[in-house]
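J.: Okay, here's what each chain looks like letter by letter:
Number of protein chains: 2
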Amino acid sequence: MKYAVKIEVSLKPGHSNPEGETTARLLVELGFSVEAVEVSKVYKVVLEASSMVEAEQKAQEMSSRLLVNPTKDDYTISVAERK
Amino acid sequence: MKYAVKIEVSLKPGHSNPEGETTARLLVELGFSVEAVEVSKVYKVVLEASSMVEAEQKAQEMSSRLLVNPTKDDYTISVAERK
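Protein chains in written order, with our numbering: chain A, 1 to 83; chain B, 1 to 83.
Do not rely on the hints blindly, as some may be mistaken.
The list treats identical chains as one, so a pair stands whether inside a single copy or across any two.
Here are the computed lysine-lysine pairs in the DSS-like style, where the Cα-Cα straight-line distance is at most 30 Å [unchecked claim]:
1) K41 with K2
2) K2 with K83
3) K12 with K83
Simulated from the structure, these hints should not be mistaken for laboratory data.
Isolated chain A, as found in the complex:
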């Protein structure tokens, strides 16, 4: 069965966030009352698995082997059956 897993990768609090800081500065220069910007990345992966539990396990393994840097990143995983 096919599943769509969504892996959202964000910076851990306290880690340098140059893209967010630059974006915040640009928005302020454009006149917006912005206090802070955080930037995260979302991977939507369509994969083959025998169950939702297996799809979630595969997403965990993809995260730790490729998509996430455990030193600086937090991440969340959600799984849905592929329509």
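We have chain A; now place chain B onto it with these hints.
T.: Frame of chain A, contents of chain B only:
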């Protein structure tokens, strides 16, 4: 009042998606049964506004003036009161 707006920017269908294609290829090389990967970016912006409607309007304006390329990007906006 402070609001947290979330702007998710993804590529329109049919547009070249080199980061997703590279990620998919690497995951397949690692042994995963992956069909496709889409990569999108999420901006979480904390801003000052007088109402939720105004916060959403500001997020629309930020998107069109800085964060989104209308030729190739789709985007969604959600707004929450800042805890």
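J.: Treating 30 Å as the Cα threshold, decide for K2 and K83: within, between, both or neither.
T.: Within one copy only: 8 Å inside, 37 Å across.
J.: Should K41 paired with K2 be assigned to within, between, both, or neither, using CA atoms and 30 Å as the limit?
T.: both (22 Å within a copy, 24 Å between copies)
J.: When no copy is specified for K12 and K83, does a C-alpha distance of 30 Å or less occur within a copy, between copies, both, or neither?
T.: For K12 and K83, only the inter-copy Cα distance (19 Å) is at most 30 Å; the intra-copy one is 32 Å.
No hint from the list above goes unmet by this structure.
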